[in-house]
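Here the protein sequences come in this chain order: A and B. Residue 87 in the numbering used here sits at position 87 of the first sequence, and the numbers go up by one each step. Take any residue in the second sequence, note its place counting from 1, add 1000, and you have its number in the numbering used here.
Hints may be right or wrong, so weigh each one.
[Claimed, not checked] Below, a list of computed lysine-lysine pairs in the DSBU-like style, where the Cα atoms sit at most 35 Å apart:
| # | chain 1 | residue 1 | chain 2 | residue 2 |
| --- | --- | --- | --- | --- |
| 1 | B | Lys1222 | A | Lys31 |
| 2 | A | Lys31 | A | Lys149 |
| 3 | B | Lys1127 | B | Lys1222 |
| 4 | B | Lys1215 | A | Lys130 |
| 5 | A | Lys64 | B | Lys1222 |
| 6 | B | Lys1061 | A | Lys31 |
[What the hints assert, rightly or not] Stretch by stretch, here's where chain B covers chain A in the computed footprint (C-beta under 8 Å, at least three residues):
| # | stretch |
| --- | --- |
| 7 | 30-43 |
| 8 | 179-192 |
Just so you know, these hints were derived from the structure itself, not from any lab. Ideal Cβ positions, reconstructed from N, Cα and C, are used throughout, including at glycine.
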Amino acid sequence: MVAQPRVLIVMLLSMIVLALLPGCTTSVVVKGRVPTPLVHKIPARVAVHYPEAFKNYQYKEVIKGAGTWDINLGAQNLAFFRNLIQAMFTQVEEVAEPSLTADEMQRLDGILVPEIVKFGFLVPEISGLKFYSVSIEYQIVMYNSLGEKTGEWNIVGYGKSEGGVFAADDALSKATALAIRDGGARLAIGLADQPGVQVWLNNRDE
Amino acid sequence: MVQNISNARCSLMLAMLLWTSLFTLLSGCVSSRIEQTRHADTGISPDEVAVLLGRASYNDKQTEASFTDCVADVMSQEPNPIRLITQAEFQDRMYPWFEPRTAPSSVAELGQIFAQPGVKERIEEAKIRYLAWIDGDTITIKSGGSMSCTISTFGAGCLGVSYWEEDASYEASIWDIQTMTETGQISAEATGTSYLAGLVIPIPILARPGNVTCKQLANQIKDFIIGDQ
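Generate coordinates for the entire structure from the input sequences, incorporating the hints supplied.
So, in C-alpha cells, the structure goes:
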C-alpha cells in the first residue's frame, strides 16, 4: 500500500471512527447561541405560525463513503426564529393555525409563516475542503389581515465550520447553527425592504 | 552468528538515530516574513478593548477560527496584554451587522452600520476602541514522496518518506473606532515543510507555519495598537 501521509492518517482515523460508530450513523443535535437583532422594528402587529415540520425539522441523508447523517435542527431553529421575529415587529403573537377568524384578525395586521424548503450539507470527505458546510433555504409566506397571501420570500442561509475526523458532529452542528444565523440575518435586514411587505404595510395604513 | 545479529541491530539503530536526528534538524525549517503599513497614530488606554474578527467568505477559503483564537490568546498574554472581546461575543452583541455576509468591508460602511439602532451605544458601552480584521488561510502548496506500510503475521512497519509544504498567509487590517479610520495593515507569511518518515514506525516531523504566523502577527498587532505609549 503506497499513499500520501495525510491520506494514510485520514484513512486510519476514519476506519477507527467508523468502527466506533454504531451503524455508521452520525447523529447531530444542533445547538447554538440565540442573539437578538439590532434592527428597527417594523411597525406592525403580526401573528406567526410555525408549522410542525419547521418546529421539528430533521434531515437524514446517506452519503456514499461518508456514512449516514441524521441532523436535528428543529429546536435551535425554532428558538432562533422566535427570538428573531419577536425583535423585528412591534407586536408578535404565536398562533397554532395559519388561518384565523375575522375576529382574531381584527387585532392583527398580518400573519407570517416560515418554512424550511431545502437543506443541504457537505462534509470534507466529499468536498475535499477542510470545512463542513451547510445551506438552508427558508421560505417566508406573508398574509394580510384578510387572509390573502401578500408575498413570499425565499432566503438562503450558509454556514461553515472547521472540523476534524473525531468532531464531525460538533462541526456540523456549528455549521448548521451558523446557517440558521445567516438566514436570520438576511431576514432581519431585508424583510422590511421586500416589495410585498411594503405594499402590505402601505395598504394596511389606508 | 550472534555477533552478526548484534552488528545488524547496531547498524539498524544507528541508521534510525541518524534518520531521526536529520529530521529533527529539519523540523524547525519554517521561513517567515512580516510587513507593516501605518496610516495613523494609535494608542489604547487600560479600560479600552479591541476585537479580533476573522474574515469569512462562502468560497473554498476562510480565515480559520482556530487561527483567530490563537492570535487572541497571544495578544492577551504578558507583556503588555490587550483586553479583547471574543469574536462570538461581539457578533452576538452586534447581530446581524457583523456576520460573514453583512460585515462592513470598509470604515465607510462601518459608519452606515453605526446608524442602526443600538449599534453605536453597544460599541461605546463595551469601550471598544479597535477592530482588527484578519484575512487569510493556511494551504498546502506542494506534497510528494511516498511511504508504504505493511501489516503481516510477523508484525507491522512502514518505510519511506513523505513531505508536504504549507504556506500560511494572513493580513490584519486595524480600524480605530474612535477616529473612524483605518490605522494600518500588517501582513505575515510563513512557509514550512513537514515530513513523515517511515522507519518501522512512522515519525512525523511537523513544521507549523500557521503557528509561527499566528505568534508573529499577534505580537505585531499588539505593538501596533500600543504604539508609542
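Going through the hints against the structure:
About 34 Å separates the Cα atoms of Lys1222 of chain B and Lys31 of chain A, which keeps this hinted pair within 35 Å; it holds. Among the hinted pairs, Lys31 of chain A with Lys149 of chain A is consistent with the structure: their alpha-carbon atoms are about 33 Å apart, no more than 35 Å. Note on Lys1127 of chain B and Lys1222 of chain B: the hinted pairing holds, with a Cα-Cα distance of about 17 Å set against a maximum of 35 Å. For the proposed pair Lys1215 of chain B and Lys130 of chain A, the alpha carbon gap of about 22 Å is at most 35 Å, so the pair holds.
For the given pair, Lys64 of chain A sits about 47 Å from Lys1222 of chain B by alpha-carbon distance, which is inconsistent with the 35 Å threshold. At roughly 25 Å between alpha-carbon atoms, Lys1061 of chain B and Lys31 of chain A fall within 35 Å of each other, so this suggested pair holds. Chain B is given as covering the stretch 30-43 of chain A, and this holds because 7 residues of the stretch bring a CB closer than 8 Å to a CB of that chain, at least three being needed. Note: the stretch 179-192 of chain A has 7 residues with beta-carbon separation from chain B under 8 Å; the three-residue rule is met and the coverage holds.
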